[in-house]
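Chemist: Given only the sequences and the hints, what does the whole structure look like? Please build it.
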Amino acid sequence: MLEENKVNKAGGRPIPLHRDPKVRGIAFQIVAVLFFVWALWTIGSNTVTNMEERGIVLGLSWLEKLAPFQVGFSPFLANELGQNSYWRIFFIGVQNTIYVSFFGVIAATLLGFVIGVMRLSPNWLVAKIASAYVEIFRNIPLLLWFFFWYFIVFLPVLPGMRESISFADAIFINKSGLYLPRPVMESSGAATIFLLICAAAIAGVVYLARWAKKQQDQTGRQLPVLPISLAILIIVPVAGFYVSGSPYSLEYAQLGTFQLSGGINLTTEFFVVWFALTTYTAAFIGENVRGGILAVSHGQTEAARSLGLHHGQNIKLVIIPQAMRVIIPPTISQYLNLTKNSTLAIAIAYEEIASIWMGISLNTTGQALIIIAMTVGVFWTLSFLTSALLNWYNKRVQLTER
Amino acid sequence: MNEFTPIPAREPPASSVGIIGWVRAHLFSSWFNSALTLLILWSLLQIVPPTLQWLFADASWGGTGSEACKTDFVSPEDGETYRVDAPGACWTFTRVRFVQIMFGLYFASHPSEVWRPVLMFALFGGLIAPLFIPAFRWKLPLGAFTLLVFPFIAVALVHGEWLGLPVAETNEWGGFMLTFFLAAGGIVLALPIGILMALGRRSELPIIRSLCVFYIELWRAAPLITILFMASNLLPLFFPSGVDFDKVMRALIAITMFQSAYTAEAIRGGLQAIPKGQDEASSALGMGYWKKTGFIILPQAMKISIPGIVNTFIELFKDTTLVGIIGLHDFLGSAQIAARSPEWKGYDFEAYVYVALIFFMCCFAMSKYSQHLEQKLDTGHKER
Numbered sequence: 001m002l003e004e005n006k007v008n009k010a011g012g013r014p015i016p017l018h019r020d021p022k023v024r025g026i027a028f029q030i031v032a033v034l035f036f037v038w039a040l041w042t043i044g045s046n047t048v049t050n051m052e053e054r055g056i057v058l059g060l061s062w063l064e065k066l067a068p069f070q071v072g073f074s075p076f077l078a079n080e081l082g083q084n085s086y087w088r089i090f091f092i093g094v095q096n097t098i099y100v101s102f103f104g105v106i107a108a109t110l111l112g113f114v115i116g117v118m119r120l121s122p123n124w125l126v127a128k129i130a131s132a133y134v135e136i137f138r139n140i141p142l143l144l145w146f147f148f149w150y151f152i153v154f155l156p157v158l159p160g161m162r163e164s165i166s167f168a169d170a171i172f173i174n175k176s177g178l179y180l181p182r183p184v185m186e187s188s189g190a191a192t193i194f195l196l197i198c199a200a201a202i203a204g205v206v207y208l209a210r211w212a213k214k215q216q217d218q219t220g221r222q223l224p225v226l227p228i229s230l231a232i233l234i235i236v237p238v239a240g241f242y243v244s245g246s247p248y249s250l251e252y253a254q255l256g257t258f259q260l261s262g263g264i265n266l267t268t269e270f271f272v273v274w275f276a277l278t279t280y281t282a283a284f285i286g287e288n289v290r291g292g293i294l295a296v297s298h299g300q301t302e303a304a305r306s307l308g309l310h311h312g313q314n315i316k317l318v319i320i321p322q323a324m325r326v327i328i329p330p331t332i333s334q335y336l337n338l339t340k341n342s343t344l345a346i347a348i349a350y351e352e353i354a355s356i357w358m359g360i361s362l363n364t365t366g367q368a369l370i371i372i373a374m375t376v377g378v379f380w381t382l383s384f385l386t387s388a389l390l391n392w393y394n395k396r397v398q399l400t401e402r
Numbered sequence: 001m002n003e004f005t006p007i008p009a010r011e012p013p014a015s016s017v018g019i020i021g022w023v024r025a026h027l028f029s030s031w032f033n034s035a036l037t038l039l040i041l042w043s044l045l046q047i048v049p050p051t052l053q054w055l056f057a058d059a060s061w062g063g064t065g066s067e068a069c070k071t072d073f074v075s076p077e078d079g080e081t082y083r084v085d086a087p088g089a090c091w092t093f094t095r096v097r098f099v100q101i102m103f104g105l106y107f108a109s110h111p112s113e114v115w116r117p118v119l120m121f122a123l124f125g126g127l128i129a130p131l132f133i134p135a136f137r138w139k140l141p142l143g144a145f146t147l148l149v150f151p152f153i154a155v156a157l158v159h160g161e162w163l164g165l166p167v168a169e170t171n172e173w174g175g176f177m178l179t180f181f182l183a184a185g186g187i188v189l190a191l192p193i194g195i196l197m198a199l200g201r202r203s204e205l206p207i208i209r210s211l212c213v214f215y216i217e218l219w220r221a222a223p224l225i226t227i228l229f230m231a232s233n234l235l236p237l238f239f240p241s242g243v244d245f246d247k248v249m250r251a252l253i254a255i256t257m258f259q260s261a262y263t264a265e266a267i268r269g270g271l272q273a274i275p276k277g278q279d280e281a282s283s284a285l286g287m288g289y290w291k292k293t294g295f296i297i298l299p300q301a302m303k304i305s306i307p308g309i310v311n312t313f314i315e316l317f318k319d320t321t322l323v324g325i326i327g328l329h330d331f332l333g334s335a336q337i338a339a340r341s342p343e344w345k346g347y348d349f350e351a352y353v354y355v356a357l358i359f360f361m362c363c364f365a366m367s368k369y370s371q372h373l374e375q376k377l378d379t380g381h382k383e384r
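First to last, the sequence lines map onto chains R and C.
Each residue of the first sequence is one higher than the last, beginning at 1 in my numbering.
Each residue of the second sequence is one higher than the last, beginning at 1 in my numbering.
A portion of the hints provided could be inaccurate.
Chain C side only, calculated, beta carbon under 10 Å to chain R, not exhaustive [as the list claims (entries may be wrong)]:
{"hint": "1", "residue": "V23"}
{"hint": "2", "residue": "S112"}
{"hint": "3", "residue": "W115"}
{"hint": "4", "residue": "A221"}
{"hint": "5", "residue": "P236"}
{"hint": "6", "residue": "F239"}
{"hint": "7", "residue": "D319"}
{"hint": "8", "residue": "V353"}
{"hint": "9", "residue": "F359"}
If the Cβ cut is set under 10 Å, some of the chain C residues that face chain R in the computed set are [unchecked claim]:
{"hint": "10", "residue": "L205"}
{"hint": "11", "residue": "S241"}
{"hint": "12", "residue": "F245"}
{"hint": "13", "residue": "M287"}
{"hint": "14", "residue": "Y289"}
{"hint": "15", "residue": "T293"}
{"hint": "16", "residue": "L332"}
No wet-lab data here; the hints were simulated from the structure.
The beta-carbon is built from N, C-alpha and C at its ideal position, and this holds for glycine as well.
Modeler: Written out as structure tokens, the structure reads:
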């Protein structure tokens, strides 16, 4: 049999071209590429003719023009009516998307961990309440949650401007949001010293944590790292603030005739988007946490106990480090989902990229192609960064796996 | 010789078995757990009875107008009587506006045509129900009929033009029916694209593979809203002038593109779970790529990926609410509009609760079904 085969391959009838898998593969790919190029070219030429017909100039020069509308919420980038180019509007949108997602990710992680651990509680009621939370949030559309929190809960419940809830005349809460005092820099030299002191405190804490880990690896002694770090992080900046000569003062919001002015205003829309994203995503993260903890085999706990680790040490040193490997990858995907879901904010007009860029700017300029391409580009970049982070993490975890 | 007779085992102490034992172990195992249990019971007592009271006992069900949801209120200040909102939910609203919330504006204004969507949903229910009977033998042909033929029957019934009925234009479609059409249409259209893309992504041909990866990642990276905006603003630009799609069609195209990427990933998961031996064995039997794929690999992979596809479908079903942002009146949108009509102003809480309950029931049932399928379909052929 084997001999026959060899003869057939070397000297027998050659395989006809159309049955050769290699040739077929190449031909198939050429057809696919041709089709792809043809489709792109057709769409491209149609778009150009259609845009010419509608009088839309394809180009980027309109991005330099000034936008005729005001953005209400911009925590960092300067924003004044009639002074913003469309470029700036775009960056304000990106900034607001990242801003709300950043706080959303932090809060959703914390809440998600609480929910996940609650689902595994030995207390039946606690476990049931956590699983009811997960089911309720996962099975109702996020957009409905946005509307519910905004129109049913927060707008009716929050007081009007004149009846603002105030704390020591420094913090105000009303229908248009939360007003906080704004730190104003008094002297840049002192501020630099102050920031350097803060950076030194953070560096010190990182060094301490590493040193403590080394000590534990070598001698088995454990240091109370957390209380020491917290103490450093609180005492050093406070002391540094006075040592450097109080470089910042606080600007309080002032209650005027019609509105509060000054201070930092976190709008109700910001708060609702943050709240809705947090509560919704926490349900998904909670499931990841639960799955991760369940994935650590019970033998690990038994082994830890027989080595003499007590319950807390077992959780901290054995269960959590192993569960984290399972928890972190899907949770990073949830962070990306949260960021993508923040575009739903367009429904209640929080001014992130979908609402001020893809919504308002598209309406005022008509430059649909470039605006949508730029928006998708932002999310492509974020998703690329996320998958790069995931790959890096998976590789790092794989190395330490047995 | 005395035969050895063991003493019968003693009963476990009464405090560790039965209801008392369960309660002790699960609710009062430590002082902390006991405190937690009491705290939760107390808060449930504060929340649940008033909620049930609002939902059922105090709710108004009858009547035909918003008057039915009002009650007399004697003001303690001036002694006059005012008509104010009753303390319970106003289900009169959802009952009176049922057709609008479920089937959209056209059928709300043409009550004589309501039988069409009702018949459509009844047919769908009739087709789906036998699939849940384990003993039913014709699942495959029935499933194929539901996937391939039923969509045309459904559109014919609701739109009406093909059957010579009064035409319900798609821009007047709405309510739960529109949500159903978009989600179901999206999954049916996305399935073939998803299968091709999943196969392409695992292909050995580098160009095919990168084209498929590009396609999948393009749609997966973008939020659905951007894709819906693309469809409503860019689609008309992409086609020669004269070719135009109505709003519903545009949304359906966007949803199909979006969903096909997620379906492809679910199917890729199934393909990955098929052991390499299956592929090698079919090659050894002399099968070519298409035979191998069509008869050996795909049938097994599809079976494994069904739960994954159902899960992406649940997400899609919830996400169809976003079409409200590009101006379609889906289930959530219709309920909102109904609650903003002059007569029913102020009943939006009822509208949201109603929509949320129906979404919850649908999605919860589907996710439980998908979990059940996962267990049932696990025949041990997965690569572990």
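Chemist: Decide, hint by hint, whether the structure agrees.
Modeler: Now the hints, each set against the structure:
Checking V23(C) against chain R: minimum C-beta separation of about 9 Å stays under 10 Å; hint holds. Because the smallest distance between the Cβ of S112(C) and any Cβ of chain R comes to about 32 Å, over 10 Å, the interface hint for this residue is violated. A hinted interface residue such as W115(C) counts as satisfied when its beta carbon comes closer than 10 Å to some beta carbon of chain R; here the least separation is about 29 Å, so the hint is violated. The restraint placing A221(C) at the interface with chain R holds, with a minimum CB-CB distance near 4 Å, inside the 10 Å limit.
Hint status for P236(C) relative to chain R: holds, with the closest Cβ pair at about 7 Å, below 10 Å. At its closest, the beta carbon of F239(C) sits 6 Å from a beta carbon of chain R; the interface hint therefore holds under the 10 Å criterion. A cut of 10 Å between beta carbons decides the hint on D319(C): the least distance to chain R is about 7 Å, and the hint holds. Given hint, V353(C) at the interface with chain R, holds; its Cβ is 9 Å from that chain's nearest Cβ, closer than 10 Å.
With its C-beta approaching chain R no nearer than about 5 Å, F359(C) sits inside the 10 Å limit, and its interface hint holds. The criterion of a C-beta within 10 Å of any C-beta in chain R is met by L205(C), whose closest approach is roughly 5 Å, and the hint holds. Satisfaction of the interface hint for S241(C) is found here, the shortest Cβ-Cβ separation to chain R being roughly 6 Å, below the 10 Å cut-off. A hinted interface residue such as F245(C) counts as satisfied when its beta carbon comes closer than 10 Å to some beta carbon of chain R; here the least separation is about 14 Å, so the hint is violated.
This hint is violated: M287(C) has a C-beta 13 Å from the nearest C-beta of chain R, more than the 10 Å allowed. Against a cut-off of 10 Å between C-beta atoms, the interface hint on Y289(C) holds, since the closest Cβ of chain R lies about 8 Å away. For the restraint placing T293(C) at the interface with chain R, the shortest Cβ-Cβ distance is roughly 14 Å, beyond the 10 Å limit, so the hint is violated. Annotation: L332(C) was flagged as interfacial toward chain R, and the flag holds, the nearest CB pair being 6 Å apart, inside 10 Å.
Checked against the numbered hints listed earlier, the structure breaks hints 2, 3, 12, 13, 15; every other hint is satisfied.
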